[in-house]
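Engineer: Here the protein sequences come in this chain order: A and B.
Taking the numbering used here as reference, the numbering of the first sequence is continuous, increasing by one, and the terminal residue is 271.
Taking the numbering used here as reference, the numbering of the second sequence is continuous, increasing by one, and the terminal residue is 354.
The set of hints was computed from the structure by calculation and includes no laboratory data.
Predicted model, so just to flag it, every value in this text is computed and none were measured.
The reader is advised that the hints may include incorrect statements.
What the hints assert, rightly or not - Keeping only pairs whose Cα atoms sit at most 30 Å apart, straight-line, the calculated DSS-like set for lysine-lysine is:
hint	chain 1	residue 1	chain 2	residue 2
1	A	210	B	270
2	B	158	B	222
3	B	243	A	210
4	A	111	B	241
5	A	181	B	158
6	B	224	B	243
7	A	111	A	181
8	A	181	B	152
9	B	152	B	76
10	B	258	A	180
11	A	111	B	243
12	B	243	B	258
13	B	222	A	111
14	A	16	A	210
15	B	76	A	152
16	A	111	B	152
17	A	152	A	46
18	A	210	B	222
19	B	56	A	111
20	B	222	B	243
21	A	111	B	45
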Amino acid sequence: MQAGAEDNYGNLALVKHVVLVLSGKGGVGKSTITTELALAFKHAGKKVGILDVDLCGPSIPRMLCVGRPDVHQCDSGWVPVYTDAQKSLALMSIGFLMEDPDEAVIWRGPKKTAMIAQLVSDVAWGELDVLLVDTPPGTSDEHLAVLENLRKHRVDGAVLVTTPQAVSTGDVRREITFCKKTGVRILGIVENMSGFVCPHCTECTNIFSKGGGEELAKLTGSVFLGSVPLDPLLSASVEEGRDFAESFPNSATFSSISSISQVLLKSLEND
Amino acid sequence: MAVLHLGVGASRRRRRRSKAQTNMSDTPDNAPKHCPGTASEQAGKAASCQGCPNQKLCASGAGKKPDPAIGEIGEKLSSVKHKILVLSGKGGVGKSTFSAQLARALASDGTKEVHQSGNGWSPVYVEDNLAIMSIGFLLSSPDDAVIWRGPKKNGMIKQFLRDVDWGELDYLIVDTPPGTSDEHLSIVQYLSSTHVDGAVIITTPQEVSLQDVRKEIRFCQKVKLPIIGVVENMSSFVCPKCKNTSQIFPPTSGGAEKMCADLNLPLLGKLPLDPRIAQSCDEGRPFLREVPDSPAAEVYHTIVQSKAMPIFYLFFCGLCCSGVGGTAVKCVFILMTTILLHSFMEGKKKKYSL
Numbered sequence: 001m002q003a004g005a006e007d008n009y010g011n012l013a014l015v016k017h018v019v020l021v022l023s024g025k026g027g028v029g030k031s032t033i034t035t036e037l038a039l040a041f042k043h044a045g046k047k048v049g050i051l052d053v054d055l056c057g058p059s060i061p062r063m064l065c066v067g068r069p070d071v072h073q074c075d076s077g078w079v080p081v082y083t084d085a086q087k088s089l090a091l092m093s094i095g096f097l098m099e100d101p102d103e104a105v106i107w108r109g110p111k112k113t114a115m116i117a118q119l120v121s122d123v124a125w126g127e128l129d130v131l132l133v134d135t136p137p138g139t140s141d142e143h144l145a146v147l148e149n150l151r152k153h154r155v156d157g158a159v160l161v162t163t164p165q166a167v168s169t170g171d172v173r174r175e176i177t178f179c180k181k182t183g184v185r186i187l188g189i190v191e192n193m194s195g196f197v198c199p200h201c202t203e204c205t206n207i208f209s210k211g212g213g214e215e216l217a218k219l220t221g222s223v224f225l226g227s228v229p230l231d232p233l234l235s236a237s238v239e240e241g242r243d244f245a246e247s248f249p250n251s252a253t254f255s256s257i258s259s260i261s262q263v264l265l266k267s268l269e270n271d
Numbered sequence: 001m002a003v004l005h006l007g008v009g010a011s012r013r014r015r016r017r018s019k020a021q022t023n024m025s026d027t028p029d030n031a032p033k034h035c036p037g038t039a040s041e042q043a044g045k046a047a048s049c050q051g052c053p054n055q056k057l058c059a060s061g062a063g064k065k066p067d068p069a070i071g072e073i074g075e076k077l078s079s080v081k082h083k084i085l086v087l088s089g090k091g092g093v094g095k096s097t098f099s100a101q102l103a104r105a106l107a108s109d110g111t112k113e114v115h116q117s118g119n120g121w122s123p124v125y126v127e128d129n130l131a132i133m134s135i136g137f138l139l140s141s142p143d144d145a146v147i148w149r150g151p152k153k154n155g156m157i158k159q160f161l162r163d164v165d166w167g168e169l170d171y172l173i174v175d176t177p178p179g180t181s182d183e184h185l186s187i188v189q190y191l192s193s194t195h196v197d198g199a200v201i202i203t204t205p206q207e208v209s210l211q212d213v214r215k216e217i218r219f220c221q222k223v224k225l226p227i228i229g230v231v232e233n234m235s236s237f238v239c240p241k242c243k244n245t246s247q248i249f250p251p252t253s254g255g256a257e258k259m260c261a262d263l264n265l266p267l268l269g270k271l272p273l274d275p276r277i278a279q280s281c282d283e284g285r286p287f288l289r290e291v292p293d294s295p296a297a298e299v300y301h302t303i304v305q306s307k308a309m310p311i312f313y314l315f316f317c318g319l320c321c322s323g324v325g326g327t328a329v330k331c332v333f334i335l336m337t338t339i340l341l342h343s344f345m346e347g348k349k350k351k352y353s354l
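With the hints as constraints, model all of the structure from the sequences given.
Structural biologist: In C-alpha cells, the structure reads:
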C-alpha cells in the first residue's frame, strides 16, 4: 500500500492545482461547466487535465468529441487522451474503459471506490496547471473515494454548480455541508441555466427562476463566481463536441464563462 | 389496464439473488479490505477473513441465505396493488420534479412529522388519497448532509420498504437517484419477492442525456425489470411572450423518439419546458391546477390518456391535481433522491440503529 501511495504522488507530482466540480443535484451542468472551464483555461495558455469520475454516466468524452479511443499504457500508468496536438488538454474517463458505450456500470460502492482509486493514481498526467475532476451528483462513495485518493497529493478546493431554482440550491446547500465536513475549500458557486433569451423575440425568460446561486453564496458566505445563461448554442456545442469559445467568442454566454474562469484561475494562483 | 408482470419464478429469483450477492460486492461496512463478500463461497474462509469479527458467522453459511428482509418486504407490500419505479440514468431530467413539488409543500408547512407506530413509520398524507415517505422528512435542517457509503444507504432503503406502514394502497411509486448503483440494485433486490409493474424512464432530448439513459435501460434488462415506457422532458421551450417554440436541448441524435424506435420501447410523451412548472415546483403549488392553459398541461393530459399508461394518469394527476377526477386511488411515493438520503442526519442513525 505504501508503494501505491508513492506512485500516486508520482503521477500527480507535476499537477499544480486540483479542483473538484461538485453539485448535489444532477443535470445542472457539472460536465458542461467542467468542459467549458477546461477550454477557457486552455485558451488562456494553461495545461489542463479533466478526470471524469462519473462512473454511471460519463459525459465528457462526448462533450470534447474524443469518441472512444483506446487508452494506452506507459511505464507510469494509463496515458490520458489528448484533445489537441499541443497536448494542452488531457482527459481520462471511465467511458474510455467500457467496451460497449451502452453498457451499464452496475456497481456497488466498494467496486466504485476501487475503480476511482485506480483512476486517480494510475493516470500519467505529466505536467498540468489545473486538473479538473468532474463528479457524479451527490455526496457518496465516488466523492469520498476521490477525496481520499487526491488528498495524498493536493485538493485546492471545489467549484459548486447549481441551477437557480430552490429545488437545486437546496441540494447544493447539502453539498456545502459535505465540503465543510470533509474540509474541502469552496472556491465558489456557479449558477448555470440562469435565463433564456428567446431567439425569436429576445425576451429573457428565467425558466428555472433567477438569482438562486447568488443568494446561496451570500447565505453560506461563499464566493459567487458568476452565472451562465441557458443558451441553445452552448447545449448544441457540448452535444457535438465543438469548442464553444472558438465558435461563439462574442456571445454573452462565452463572456460569462471566460470571466468565471479568470476569477477561478486568479484565486488558484494567489493561493 | 395494461399492467406488466415481472416474472419472478423461484428459479429466476434464486439466480438473480445469487448473482447479486457474488458480483455486486455485498460486503458489510466494517469488512476487512479484501472481504470476499458475505455470500461468496469463500466467505469466512479466505485469507483476509482472518481476524474479522464476523468470520465465524460467515463460515457457518448464514450469509449465503437470502436476506430475510426480502420476504418481510414482500409480505408488507402485499396490500399494495401496483409498484412502479421512476428511473433515469441522467440527473436533473425531471424525475423528482413532481415529487419535489410535494416535498417542498411539506417542507414549507413545517408541521409534518413522521410518526412511529406499532406497525412502523407512518407515511405523511398530503391528500386523502396521496401519501409520501421521504428521507427528507427525517432531516432536521436544510443544510444537513450525511456522507453515506453504499451499505448504509441500502440499510435505509430496506427500512423504508419494510418498516413503513403503507397500509392498503393502489400504487406505490418509487423515485430514485440518477445512476445504476447501490440504491437501484437494492430496491430491485428488496422488491424481488413482490410483483413490480415496471419502470418509467425519464430523459431529456439531447444525446448527452440519452447516452446515460441507454445505460439505465440496459440496467432494467439486466435485472429483468419491465419498462413501461419513456418520457421525454424539456423537449422544447415555448416563449411566454411571443409563443414561439425553440429547442434549448437539441435532439441531435433524434431524441427519445429515435431511441425508443431503436430499442422498441413505447414513448409515452414529450413534455415542453415551461418556466411555470419550475416555479410551481419551487413554491410547492400544483402545476396543472395553477396553469391549466399551458402547452405542457395539454401534453400531460395526452400522456395520461394514452392506453399504455393508466399509471401515468395516477402519477401526474396524483401529484399535480391531487385527486382531481375523483380517483379513489391511494398512492404513496417514496422519495429516494440521493441527496435527501445523504442528508439523513448522522444523529438519527443512532436513533434508528442503522
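Engineer: Hint by hint, say whether it matches the structure.
Structural biologist: Hint by hint, here is what the structure shows:
| no. | hint | verdict |
| --- | --- | --- |
| 1 | A:210 <-> B:270 | 25 Å, holds |
| 2 | B:158 <-> B:222 | 21 Å, holds |
| 3 | B:243 <-> A:210 | 21 Å, holds |
| 4 | A:111 <-> B:241 | 51 Å, violated |
| 5 | A:181 <-> B:158 | 27 Å, holds |
| 6 | B:224 <-> B:243 | 43 Å, violated |
| 7 | A:111 <-> A:181 | 24 Å, holds |
| 8 | A:181 <-> B:152 | 18 Å, holds |
| 9 | B:152 <-> B:76 | 22 Å, holds |
| 10 | B:258 <-> A:180 | 44 Å, violated |
| 11 | A:111 <-> B:243 | 49 Å, violated |
| 12 | B:243 <-> B:258 | 27 Å, holds |
| 13 | B:222 <-> A:111 | 18 Å, holds |
| 14 | A:16 <-> A:210 | 35 Å, violated |
| 15 | B:76 <-> A:152 | 47 Å, violated |
| 16 | A:111 <-> B:152 | 15 Å, holds |
| 17 | A:152 <-> A:46 | 24 Å, holds |
| 18 | A:210 <-> B:222 | 41 Å, violated |
| 19 | B:56 <-> A:111 | 25 Å, holds |
| 20 | B:222 <-> B:243 | 43 Å, violated |
| 21 | A:111 <-> B:45 | 21 Å, holds |
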